[in-house]
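From first to last, the protein sequence lines stand for chains A and B.
The first sequence begins at 1 in the working numbering and counts up by one.
The second sequence begins at 1001 in the working numbering and counts up by one.
Hints may contain errors.
Claimed, not checked - No farther apart than 25 angstroms at their CA atoms in a straight line, the calculated lysine to any residue pairs in the SDA-like style are these:
| hint | chain 1 | residue 1 | chain 2 | residue 2 |
| --- | --- | --- | --- | --- |
| 1 | B | Lys1008 | A | Arg29 |
| 2 | B | Lys1071 | A | Ala40 |
| 3 | B | Lys1008 | A | Arg192 |
| 4 | B | Lys1071 | A | Thr22 |
| 5 | A | Lys41 | A | Phe181 |
| 6 | A | Lys133 | B | Lys1092 |
| 7 | B | Lys1021 | A | Val129 |
| 8 | B | Lys1190 | B | Asp1033 |
| 9 | B | Lys1190 | A | Ser91 |
| 10 | B | Lys1092 | A | Thr22 |
| 11 | B | Lys1071 | A | Pro13 |
| 12 | A | Lys133 | B | Glu1150 |
| 13 | A | Lys121 | A | Thr68 |
| 14 | A | Lys121 | A | Phe181 |
| 15 | B | Lys1092 | A | Tyr163 |
| 16 | A | Lys133 | B | Leu1009 |
| 17 | B | Lys1049 | B | Ile1169 |
| 18 | A | Lys133 | B | Ala1195 |
| 19 | B | Lys1008 | A | His33 |
| 20 | B | Lys1135 | A | Lys128 |
| 21 | B | Lys1071 | A | Lys121 |
| 22 | A | Lys41 | B | Lys1071 |
| 23 | B | Lys1071 | B | Leu1053 |
| 24 | B | Lys1021 | A | Gln39 |
| 25 | A | Lys128 | B | Ile1186 |
| 26 | A | Lys133 | B | Lys1071 |
| 27 | B | Lys1190 | A | Thr162 |
| 28 | B | Lys1190 | B | Ser1103 |
| 29 | A | Lys8 | B | Cys1032 |
| 30 | B | Lys1071 | B | Pro1145 |
| 31 | B | Lys1021 | A | Thr22 |
| 32 | B | Lys1047 | A | Tyr163 |
| 33 | A | Lys121 | B | Lys1092 |
| 34 | B | Lys1047 | B | Thr1204 |
| 35 | B | Lys1135 | A | Val129 |
| 36 | A | Lys133 | B | Thr1204 |
| 37 | B | Lys1071 | A | Ser91 |
Honestly, the hints are just simulated from the structure, not real lab data.
Here are the chains, one letter per residue:
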Amino acid sequence: MKLTVKSKLIACPVCDAVNYDTGAEVVCRRCRHRVYHEQAKSYARSWAFLITAMILYFPANLYPILITRQLSHTQGNTIIGGIISLWEHGSYPIALIILFASVFVPIVKFIMLLYLLIAVKIDTKASKVDKHKLFYITEIIGPWSMVDVFVVAILATLVQYTYVSIIPGVASTAFALMVIFTMLAAHSFDTRMILHNRSEEEKEA
Amino acid sequence: MKEIALDKLIICSECHTVHRKIRLKDAKTAYCDECENVLYHRHDNLKEKAFALSLATLITFLTASSFAIVKIEINGVWHALTLPFVFVTLFKEEFFVVGLIVSFLIFVIPMLYIVMYVFVMALMNLKTGRETVRKLLVTLAMLRPWNMIEIFLISILVALVKLIGYAQIEFGVSFWGLIAFILLDIYLTKAIRLADLWDLWDETYR
């Protein structure tokens, strides 16, 4: 049954219990965990994590993620290069998975988080329900960009021969950190900021 | 509104619409009015079921991490991939950051998660350790987004496709163990939601 409530209520992200929103720090009444921090702090933290992740996106794409050593010949492969060679070899589904997971997902996450963070300050037409869904999607698709890092780790573990070996490139570190930082940015985003925006809209109406 | 009244409410995790909880009959599911997302389930014998399933998941995890997941052969030399030792090569090549991140996401965190899950269910079945279970459940919620074992499985398949034509590939016992583990793990974390365990916690230690 859907309800319309006057007092501000929020769900605890840890245990789903319903709590009163005091606007500042909230300690959940069921799990006793400090589930919400001061809004200004989590806003700044979210920005910091997001900017770090965006900076890391450049080395992650420009440097080789995978280095193949064949006898004396060494060849580095960037993410895009890897996708192109998979495509040329006819592995279209795999090329598409990598393209989606390593190139699109991070960019989509950046745009979504940027939008959500900017929309806290600037009034946008989008409804609060849509914003919550957008945030939900950002949290769900986030981890899938790790695929490329895992693939490099697996190949590096398996292909260790005297005449051919695969070693991870610099980009794998940058990429792994980038995924971690985008996830941290999403986690420190305070969903109350979306609600806050809505209550202001209602006052105007 | 009093605190008790709050217990009868639930907020949709997807669109944050407030709903009033109603008692469900049998093993049914409540959906959100606004976006049709799942709100909560009513499980039959959740306490016993979750305990049994978590033990089974722990066993499959042990199977998945004790033997080779895949083996490849180039010119008669075999190399194997085992779950706990992925970081060894990465450390040897001095990729400490990636090595640590990867081994945490695919081995340490899934292991901690399932071991703690078994503890939670065991304590709840014994009806002891109210505060311990509370802390463990909070930790489970913290660890959950960092468990990436199912993404690792997809990565194995992608890596194998890249190796086709260069090496002979053989699946080890742990590959099937890993698939069983992932299926059970998804059931434990998606079909039985942590919020359901919190409701069970409320019931158990009232």
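Hints and how they fare:
1. Between Lys1008 (chain B) and Arg29 (chain A), the direct Cα distance comes to roughly 14 angstroms. Compliance with the 25 angstroms bound is thereby established for this hinted pair.
2. Annotation: proposed proximity of Lys1071 (chain B) to Ala40 (chain A) is violated, straight-line Cα distance about 51 angstroms (limit 25 angstroms).
3. Between Lys1008 (chain B) and Arg192 (chain A) the alpha-carbon distance is near 21 angstroms, which keeps this suggested pair within the 25 angstroms criterion.
4. Restraint check for Lys1071 (chain B) and Thr22 (chain A): not satisfied, since their Cα atoms lie roughly 56 angstroms apart, outside the 25 angstroms limit.
5. Note on Lys41 (chain A) and Phe181 (chain A): the hinted pairing holds, with a Cα-Cα distance of about 17 angstroms set against a maximum of 25 angstroms.
6. Between Lys133 (chain A) and Lys1092 (chain B), the direct Cα distance comes to roughly 43 angstroms. Violation of the 25 angstroms bound is thereby established for this hinted pair.
7. For the proposed pair Lys1021 (chain B) and Val129 (chain A), the alpha carbon gap of about 20 angstroms is at most 25 angstroms, so the pair holds.
8. With a C-alpha separation of about 20 angstroms, the suggested pair Lys1190 (chain B) and Asp1033 (chain B) falls inside the 25 angstroms cut-off, and the hint holds.
9. About 32 angstroms separates the Cα atoms of Lys1190 (chain B) and Ser91 (chain A), which puts this hinted pair outside 25 angstroms; it is violated.
10. The suggested pairing of Lys1092 (chain B) with Thr22 (chain A) is violated, with an alpha-carbon distance near 51 angstroms, which exceeds 25 angstroms.
11. The hinted pair formed by Lys1071 (chain B) and Pro13 (chain A) fails the criterion: a straight-line CA distance of about 41 angstroms is larger than 25 angstroms.
12. With a C-alpha separation of about 23 angstroms, the suggested pairing of Lys133 (chain A) with Glu1150 (chain B) holds against the 25 angstroms cut-off.
13. A threshold of 25 angstroms between alpha carbons decides the hint, and for Lys121 (chain A) with Thr68 (chain A) the separation of about 48 angstroms lies outside it, so the pair is violated.
14. Distance restraint check for Lys121 (chain A) and Phe181 (chain A): the Cα-Cα separation of roughly 22 angstroms lies within the 25 angstroms cut-off, and the hinted pair is therefore satisfied.
15. About 18 angstroms separates the Cα atoms of Lys1092 (chain B) and Tyr163 (chain A), which keeps this hinted pair within 25 angstroms; it holds.
16. Restraint check for Lys133 (chain A) and Leu1009 (chain B): the C-alpha separation of about 20 angstroms stays at or below 25 angstroms, so the hint holds.
17. Proximity of Lys1049 (chain B) to Ile1169 (chain B) is assessed by CA-CA distance (about 38 angstroms); at most 25 angstroms being required, the pair is judged violated.
18. Distance check on the hinted pair: Lys133 (chain A) and Ala1195 (chain B) sit about 19 angstroms apart at the alpha-carbon level, within 25 angstroms; holds.
19. For the hint pairing Lys1008 (chain B) with His33 (chain A), the CA-to-CA distance comes to about 20 angstroms; that is within 25 angstroms, so the pair holds.
20. This hinted pair does not check out: Lys1135 (chain B) and Lys128 (chain A) have alpha carbons roughly 32 angstroms apart, beyond 25 angstroms.
21. For a cut-off of 25 angstroms, the pair hint linking Lys1071 (chain B) to Lys121 (chain A) is broken: about 54 angstroms separates their Cα positions.
22. This hinted pair does not check out: Lys41 (chain A) and Lys1071 (chain B) have alpha carbons roughly 49 angstroms apart, beyond 25 angstroms.
23. As the CA atoms of Lys1071 (chain B) and Leu1053 (chain B) are separated by approximately 30 angstroms, the hinted pair breaks the 25 angstroms bound.
24. Restraint check: the Cα-Cα separation between Lys1021 (chain B) and Gln39 (chain A) comes to about 29 angstroms, which exceeds 25 angstroms; the hinted pair is violated.
25. For a cut-off of 25 angstroms, the pair hint linking Lys128 (chain A) to Ile1186 (chain B) is broken: about 30 angstroms separates their Cα positions.
26. For the hint linking Lys133 (chain A) to Lys1071 (chain B), the alpha-carbon distance of about 42 angstroms lies beyond 25 angstroms, and the restraint is violated.
27. The suggested pairing of Lys1190 (chain B) with Thr162 (chain A) is violated, with an alpha-carbon distance near 44 angstroms, which exceeds 25 angstroms.
28. For the suggested pair Lys1190 (chain B) and Ser1103 (chain B), the alpha carbons sit about 23 angstroms apart, so the restraint of at most 25 angstroms is met.
29. With a C-alpha separation of about 19 angstroms, the suggested pair Lys8 (chain A) and Cys1032 (chain B) falls inside the 25 angstroms cut-off, and the hint holds.
30. Straight-line distance between C-alpha atoms of Lys1071 (chain B) and Pro1145 (chain B) comes to about 30 angstroms, which puts the hinted pair past the 25 angstroms bound.
31. Between the alpha carbons of Lys1021 (chain B) and Thr22 (chain A) the distance comes to roughly 23 angstroms, so the proposed pair stays at or under 25 angstroms and holds.
32. As the CA atoms of Lys1047 (chain B) and Tyr163 (chain A) are separated by approximately 55 angstroms, the hinted pair breaks the 25 angstroms bound.
33. With a C-alpha separation of about 47 angstroms, the suggested pair Lys121 (chain A) and Lys1092 (chain B) falls outside the 25 angstroms cut-off, and the hint is violated.
34. Restraint check: the Cα-Cα separation between Lys1047 (chain B) and Thr1204 (chain B) comes to about 9 angstroms, which is no more than 25 angstroms; the hinted pair holds.
35. For the hint pairing Lys1135 (chain B) with Val129 (chain A), the CA-to-CA distance comes to about 32 angstroms; that exceeds 25 angstroms, so the pair is violated.
36. Restraint check: the Cα-Cα separation between Lys133 (chain A) and Thr1204 (chain B) comes to about 33 angstroms, which exceeds 25 angstroms; the hinted pair is violated.
37. A distance of roughly 22 angstroms separates the Cα atoms of Lys1071 (chain B) and Ser91 (chain A); the hinted pair therefore holds under the 25 angstroms criterion.
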